[in-house]
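A.B. asks: Line by line, the protein sequences give chains A and B.
All residue numbers for the first sequence refer to full-length UniProt numbering, where the first residue is 1 and numbers rise by one.
All residue numbers for the second sequence refer to full-length UniProt numbering, where the first residue is 1 and numbers rise by one.
Honestly, the hints are just simulated from the structure, not real lab data.
Errors might be hidden in some of the hints.
Pair by pair, the computed Cβ-Cβ distance ranges are [said to hold, decoys possible]:
#, chain 1, residue 1, chain 2, residue 2, range
1, A, 306, B, 69, 52 to 60 Å
2, B, 331, A, 466, 42 to 50 Å
3, B, 316, A, 319, 54 to 62 Å
4, B, 349, A, 480, 53 to 61 Å
None of the values given here were measured: they were computed from a predicted structure.
Where is the CB? At the ideal position from N, CA and C, for every residue including glycine.
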Amino acid sequence: MSRARADEEEYWHSSKFRAFTFDDEDDELSQLKESKRAVNSLRDIVDDDDDDLERVSWSGEPVGSISWSIKETASSSTSSLESRDSSLQKGSSSYAAFPKQVSSYSLSSLFKGRNRLPSFQSLSDALSDTGVKNYAPELRRPKAEYKDYSSDWSPKDTVRRMQRGKICSLERFRSLQDKLVLLDEAVAGHDGNVITAVLIFLKRTLRREILFRELEVRQVALCHLIHFLKETGEQKLLLDLLRFLDRTEEVALSQYREHLNIQDVEKRREFLKGCIGLPFSAEDTSHIQDHYTLLERQIIIEANDRHLEMAGQSEIFRKYPRKASILNMPLVTTLFYSCFYHYTEAEGTFSSPTNLKKTFKIPDKQYVLTALAARAKLRAWDDVDALFTTKNWLGYTKKKAPIGFHRVVEILQRNNAPVQVLQEYVRLVEDVETRLNLATKYKCHDVVIETYRDLKDRIQLTAYKCKVERGSAEEEKINSVLNNTQIRWKN
Amino acid sequence: MAAHLSSGRVNLTALREAGRRELREFLDKCAGSKAIVWDESLTGPFGLIAQYSLLKEHEVEKMFTLKPGRLPQADVKNIIFFVRPKLELMDIITDNVLREDRGRSPQRDFHILFVPRRSLLCEQWLKEQGVLGSFIHREQYSLDLIPFDGDLLSMESESAFKECYLESDQTSLYHAAKGLMTLQALYGTIPQIFGKGECARHVANMMIRMKREFPGSQNSIFPVFDTLLLLDRNVDLLTPLATQLTYEGLIDEIYGIQNTYVKLPPEKFAPKKQGEGGKDLPTEPKKLQLNSAEELYAEIRDKNFNAVGSVLSKKAKIISAAFEERHHAKTVGEIKQFVSQLPHMQAARSSLANHTSIAELIKDITTSEDFFDNLTVEQEFMSGIDTDKVNNYIEDCIAQKHPLIKILRLVCLQSVCNSGLKQKVLDHYKREILQTYGYEHVLTLNNLEKAGLLKPQTSGRNNYPTIRKTLRLWMDDVNEQNPNDISYVYSGYAPLSVRLAQLLARPGWRSIEEVLKMLPGPHFEERQQLPTGLQKKRQHGENRVTLVFFLGGVTYAEIAALRFLSQMEDGGTEYVIATTKLINGTSWIKSLMEKLEPAPF
């Protein structure tokens, strides 16, 4: 290669340079293997009955699956002495029947070295013609494979060899020009493994600015480098690269992702604070801001409540000890927590539900649902009542639920509300059919009776009589309604 | 053992055999006794190729799962790591190797088998940790396509979709192309290649290139496949999001089928013996293998679940009748004949018992109110109703904190059926999700957006109705019992991907050019030259064989739909299915979610 020396130096990242090679097997070892292969191939000719052998063993013994056997063999490892004995035996016996490095017909041999053997025509040939089998061991690993270092492969050949899992030294590619040709060849081959290997080489031997600049016009390689940096956790280089590319939103998200690795809450909070200014998309910015604010809140609440709980002064904490800390919980969970432990607090405190609602602009629906669930769990039915009571300017009270009363009923029922409480809300369900369904399902007899009465449905009401207890107040009520001569029944 | 693999039009046993041979060859390279340390994600796929007995024949005495710390004691000559080339696994291996007692004698030799490909990156990583030299053999096991059934192959590459569509990493496509080359080596060159999508284009290019570079791979096998159809998953993002309604699809949706095995709650499988009392209910989940080797399963797997009950009761009658026969057996000959049939009858009976139990388990769920509500919403979206506003049911589910994946499936489905959501609607959903499930999910939402599953409607135009009408994706008059169209697999919705395959076979894609242009990525056709002697002369009435390769995953319902087409009397085409991974909406969305827990070490 006749490139100006200075030119070469320019791109040569000398301080960091290490040759990109993998230590392959040394020569001695490869020779050993060669000889063993030869022995094996001899065996091939002498004795070739592999298929028979297999059939016997398959049908002969009950076979376990691999995952089953892992447990099996792992547990038996305690009696090591015994197992050694048996292993020795097994070893020797199976050696006798050792199956020869058989036919050429395995996944890898379908491709390896085929072009070196033009006579080797087809797979069916390979299967029928026993003579071909002798090639097999050699096919697996041509001798030349062990002599990579000295040879002068072109970029194309280098990539092709690497694709076949062979070891290649890349250090020969010294000029920027050569390296880029190599990279382009790798990309053209589509093998991510090779592309990444070349990128590692370039990353080591090129100045950062140059690497970035060249990758900017090579999108596929660029994606691979980004993926690689993410995977190896080279966060700093990754962020530099994304910044160089002006992919600011990705920088922001990638940086934000880091918070997941920070266990200490104080540090995490600090980190999130630092994320707020990052160039997220408009809507994400507000989410990240909220995330920070929430954690900040949680830290204050947690410190406070832990103290309260330990002191044992607060009744609610004594009666319902906290099962877990509130740190890092979602917003709605936090709201539930504060409705549970801090419901009556004034809006000024950080832990009060109304304060949370305001700070995070929690929609009415969401708020009511959460508060309802929390208060119902505590069986604080008065609070539940207050939640749905509105007063108009004349002082009249009215029941209103932004979530629909059927949902209210469901939540109360899930929290084992008594029938008296339940039926009050069943009564408020507007849709008659839903109301009847819920009332029947949860045995709110009064509501059922009243509804049938309002519907003037004598047949249904009569039928319902068998669902209530004999001699109960409900039965009496049904009878009195049925006997009421004022009602003009529709049937 | 693997008879079901040869039951189809293409004998896939040959592929399995090739895999077994390769495995044996590797094991024999490491002479002496061995212990295998398994990357857990590999045991399932390997189980489809070989069982423990094969390993044992080659002196594998112990097997462990890969985990950090010291390797268990085992007096073996060789320790072999079977792993996917992933960096986090390299860290564990490094830990194992470094903790190995150097003083022990005899020393144990280490080897690595990478599946499906050696990774230079991983080896580099090991080198940096200073342990690369400890490995005597570092090899690869090209297990690309694993035979799952007589007409089904999968690469079981969990992250393929994410890598292709989120990270633009095409490594799994390279493996797909390699797998296809292996298939062609075994079953002949596939003369016609069709494709739709960016990834499909890449794979076709790679195949053509590989063929050029290995002139030796020109083989003289009579081609088994007539056509290869390559389909990108992102051409049809809709189908996996919908709940599958075939028997097999529902088993997968509810319990998750892993490498043809399913684990079921044990209660319904308790042995009903008298006098034992109901006390000792089994606590271990019941594990069953599901494939076409089981006659009954092969019959019902692809049916709409609503048609399964009647088949089961019919079978029950037949089996009872068969057992009744014993009363009529009078002569020795008759009795002998009856006895000879007993094993088969008993197998049939236990198979029937199992599937009756499974059907009961599923029925408990499909008849629940929530399943019904969820399905109603899905079907509304797919038929184009109210896709442009915030959906009440989804809101309710968020409020009740249903599993996040369920929410994401529904929201994505709505987005796909509306060619993206209105900005206001999207923002509303996002806000509710983040407030309820945690702000960190902003990362997951961004991933979904990048993959095109959840996005704002940019063009201001909704293409879905046109696509739906042209491809007849929604069929109002669906027949679940005796289907006449593939839409039975989703009780009304005909999977887009399979419709494309169907229309390709007849009348050809030229009839739907306009719609193809609306779907992402190029569509193309390539021909691979065959030597003159190998060109097929089709017998009259002989079906064509098409290999459909789903890049990025396929669902059981789609497979069922293709099998339905194979069996159509005047269909003219039989299908073999290959994929990067068998998926359902849940496993698919999960693969796109940001891992929120830090790594365990």
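A.B. asks: Now tell me, hint by hint, if it's right for this structure.
C.D. replies: To see whether the hints hold, each was checked on the structure:
Checking the proposed 52 to 60 Å range against residue 306 of chain A and residue 69 of chain B shows it is violated: the Cβ atoms sit about 35 Å from each other. For residue 331 of chain B and residue 466 of chain A, the hinted distance range of 42 to 50 Å is not satisfied, since their beta carbons lie about 60 Å from each other. For the pair residue 316 of chain B and residue 319 of chain A, the supplied restraint of 54 to 62 Å holds, since their beta-carbon distance comes to about 56 Å. A hinted range of 53 to 61 Å for the beta carbons of residue 349 of chain B and residue 480 of chain A is consistent with their spacing of about 60 Å.
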